[in-house]
Amino acid sequence: MSWTRIVAMTRKEVLQIGRDPRSLLIILVIPLVQLFIFGYAVNLDVKHVPLCIYDRDGTQASQDFLKHFQATDYFNIVRVSDSYSDVVRNIDHGVCSVAVVVPSQFAEDLHSSGQASVQAILDASDSNSATIGMGYAQAIVQSYSSEIQVAWQEERGLGAGAPNITFEPRTWFNEDLESMADLVPGVVAMVMAVVGAFLTSLTIAREWERGTMEQLISTPVGKLEIQIGKLFPYFVIGIADTAICSGTAVLWFGVPFRGSWVVLFGCSMLFLLVVLSLGYFISVTAKSQLGACQMALLATFLPTFLLSGFIFPIDQMPVVVQWITAVLPARYYVSILRNVFLKGTEVRLLAGDIMALAAIAVVLVVLATRSFKKRLA
Amino acid sequence: MNQNGPSVMVQNLTKRFGDFVAVDDVSFEARHGEIFGFLGPNGSGKSTTIRILCGLLRPSSGRATVAGIDVARNPEAVRQHIGYMSQKFSLYNDLRVAENLEFFAGMYSVPKKDIPARIAWALKMAGLEGRGHNATSALAVGWKQRLALGCAVLHRPPIVFLDEPTSGVDPVSRRQFWELIHSMVGEGVTVFVTTHYMDEAEYCNRLVLLDRGRIVAMGTPTELKSHHMKGELLMIECEPLGPALEMLQTAPEVLDAAVFGSGIHAVVADAAAMAPKIRELLLARQFRAGRIEQIAPSLEDVFVSLTAVRGASKNKEAAA
Chain V
1 MSWTRIVAMT RKEVLQIGRD PRSLLIILVI PLVQLFIFGY AVNLDVKHVP
51 LCIYDRDGTQ ASQDFLKHFQ ATDYFNIVRV SDSYSDVVRN IDHGVCSVAV
101 VVPSQFAEDL HSSGQASVQA ILDASDSNSA TIGMGYAQAI VQSYSSEIQV
151 AWQEERGLGA GAPNITFEPR TWFNEDLESM ADLVPGVVAM VMAVVGAFLT
201 SLTIAREWER GTMEQLISTP VGKLEIQIGK LFPYFVIGIA DTAICSGTAV
251 LWFGVPFRGS WVVLFGCSML FLLVVLSLGY FISVTAKSQL GACQMALLAT
301 FLPTFLLSGF IFPIDQMPVV VQWITAVLPA RYYVSILRNV FLKGTEVRLL
351 AGDIMALAAI AVVLVVLATR SFKKRLA
Chain E
1001 MNQNGPSVMV QNLTKRFGDF VAVDDVSFEA RHGEIFGFLG PNGSGKSTTI
1051 RILCGLLRPS SGRATVAGID VARNPEAVRQ HIGYMSQKFS LYNDLRVAEN
1101 LEFFAGMYSV PKKDIPARIA WALKMAGLEG RGHNATSALA VGWKQRLALG
1151 CAVLHRPPIV FLDEPTSGVD PVSRRQFWEL IHSMVGEGVT VFVTTHYMDE
1201 AEYCNRLVLL DRGRIVAMGT PTELKSHHMK GELLMIECEP LGPALEMLQT
1251 APEVLDAAVF GSGIHAVVAD AAAMAPKIRE LLLARQFRAG RIEQIAPSLE
1301 DVFVSLTAVR GASKNKEAAA
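Each protein sequence line maps, in turn, to chains V and E.
Residue numbers for the first sequence follow our numbering, so the first one is 1 and each next one is one higher.
Residue numbers for the second sequence follow our numbering, so the first one is 1001 and each next one is one higher.
Treat each hint with caution, since some may be false.
What the hints assert, rightly or not - Listed next, with one range per pair, are the computed distances between beta-carbon atoms:
| hint | chain 1 | residue 1 | chain 2 | residue 2 | range |
| --- | --- | --- | --- | --- | --- |
| 1 | E | Ser-1027 | V | Ser-288 | 35 to 43 Å |
| 2 | V | Lys-287 | E | Asn-1012 | 26 to 34 Å |
| 3 | V | Val-327 | E | Ser-1060 | 48 to 56 Å |
| 4 | E | Asn-1042 | V | Ser-288 | 52 to 60 Å |
| 5 | V | Gly-247 | E | Val-1172 | 57 to 65 Å |
As the list claims (entries may be wrong) - Think about it this way: if two alpha-carbon atoms lie no more than 27 Å apart in a straight line, the pair counts; the simulated DSSO-like pairs of lysine-lysine are:
| hint | chain 1 | residue 1 | chain 2 | residue 2 |
| --- | --- | --- | --- | --- |
| 6 | E | Lys-1277 | V | Lys-223 |
| 7 | V | Lys-373 | V | Lys-223 |
| 8 | E | Lys-1230 | V | Lys-223 |
| 9 | V | Lys-287 | V | Lys-374 |
| 10 | V | Lys-287 | E | Lys-1088 |
| 11 | E | Lys-1088 | V | Lys-373 |
| 12 | V | Lys-287 | V | Lys-373 |
| 13 | V | Lys-374 | E | Lys-1088 |
| 14 | V | Lys-223 | E | Lys-1088 |
The hints are simulated quantities; they were obtained by calculation from the structure and are not laboratory data.
In this text the structure is predicted, and so the values were computed from the model without any measurement.
Don't be surprised by glycine CBs; every beta carbon is placed ideally from N, CA and C.
Whole structure, please, built from the sequences with the hints as guidance.
So this is what it looks like as structure tokens:
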């Protein structure tokens, strides 16, 4: 191993990266664009669900009931309908995704039999929002129901003694259940996976494509020297991107950071080793830039997005898919990042994830080194 | 390095790519400090041989040593002793001239204290003094080739392999390039060069003529010209050229005939006896005939004659 050869190789890569507008764009712009897209555009919190109401009763009681929908953030009353056909039209046209219909006998039923029902119509073409909307509507009906129960009991002087359980949820770590706080660690992982693997996937393929590889491998430079020399600049870039993404998440989006920066950067370096080796391996195998960068995107973007637990929880996946995620480095990294950002978990509790990541890193580094041959054909 | 043995030694070297035999049982030796030429048309196996000698391809069978080191067993050790310039321009176009030289100085582990002097030397050699800051991509082909040579010999290798270094280069630059090769040989370097330019082959100390992966002749240019013609050479000026060539090729006394410039070169057993006969033959068939005289064969004549013989014998084999 020659230090001067590694330095010369690194220096050459840095010069080339600096003169390639494409690389610079990927390094500087993609991380921020991704962070802002996920920060602002992808909002998994369901609030202000568009609601349509149709009051067929028109009594004091029905108006009182519907006011409860007005008083909350969860719904926005966008239409007050006067017929069923209007309700249907609003759902069809996507004006509202939930409609609440109060039947004409509402006040009377309530009074006489103590039983009344209301109808909710849900647009389940977006099943996720529909389920959440239904949950909100149920909660509102429940709270109104207990309200009038208490009032009824008080009227009869039974007030204080009535048994009652109240549910007081306290969410930990992400107190406001903000999806942003949950997403940012995933976004950091995604940026690193894509930037790391994508950029390195070009380094070897580019040399083959331009014919410079033939000259390079005719020199005494060792293959490990090529690998270290070429990956080092991307390693530094990856660390810088981690800092940019984490910094923006904490300072701009107000995501809490409760763990240690040492753990964050230590684990990020390990993850970088994984994605850079993956990119390098792809680059050696593909020998063409186009093939290599497509393969790199396929190998990093999709699995990181779908299978890392970043958006879709792993324990909700079919068992077979859960097994597949076991070999996915991003899964462990996302888990580490979530813990470091939101929980501030101690290192020893992250040992399992760190060990898994390290094991994958060893496999990929060996694979990348082995795959490169200083021969043509 | 062993100064007594041959610089490059090749024994029964064969390289197959699937069914295709690119190099077919080739043996030769190149001595220290000579220009050893590999001459042949495209696809004759020149580049494949050179790549095997640089350790870039593994031979299918046979043996090759460079500076006494087996290229198949120990390619890394071979690379310490050689400079290689591939057929395709293979420097970094997005680096500046000096940056390319610095990079290869690093790859060849040129001692740090020697680097400035070596780079200055390479720039001077390539005629790029004061242009180290220029973009490599903007250089003309001739300069690019000389820069590539500079990069390949920064570490003063005793053996240099040049694969068609002058293809696509203008005549003046070609001349300058060959002057560089001569000056390197003057310093005791062995230069192994491939070309398909016959005039360049004349500059070589010794030559191998290669056709379809096989050696068809080997020797100094003079030896080749004197020993490898199957007869004597007549230069025939006549018109119209095409039909005359067809007629001469079928004439029993003519061993071989081919168009060269504005005339026909014909190989015959006895030039002095045949010259008047050919004139008669031409005039009898209503051709106009000019000068008909014996000439000294050029390498091109030798080459055409040798490859034609081999092609003809192959056709016979196929017919039988």
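Comparing the hints with the structure gives:
no., hint, in the structure
1, E:Ser-1027 to V:Ser-288: 35 to 43 Å, "37 Å, holds"
2, V:Lys-287 to E:Asn-1012: 26 to 34 Å, "32 Å, holds"
3, V:Val-327 to E:Ser-1060: 48 to 56 Å, "39 Å, violated"
4, E:Asn-1042 to V:Ser-288: 52 to 60 Å, "24 Å, violated"
5, V:Gly-247 to E:Val-1172: 57 to 65 Å, "59 Å, holds"
6, E:Lys-1277 to V:Lys-223, "68 Å, violated"
7, V:Lys-373 to V:Lys-223, "8 Å, holds"
8, E:Lys-1230 to V:Lys-223, "51 Å, violated"
9, V:Lys-287 to V:Lys-374, "13 Å, holds"
10, V:Lys-287 to E:Lys-1088, "17 Å, holds"
11, E:Lys-1088 to V:Lys-373, "20 Å, holds"
12, V:Lys-287 to V:Lys-373, "12 Å, holds"
13, V:Lys-374 to E:Lys-1088, "18 Å, holds"
14, V:Lys-223 to E:Lys-1088, "22 Å, holds"
Of the numbered hints stated above, those contradicted by the structure are hints 3, 4, 6, 8, listed in ascending order.
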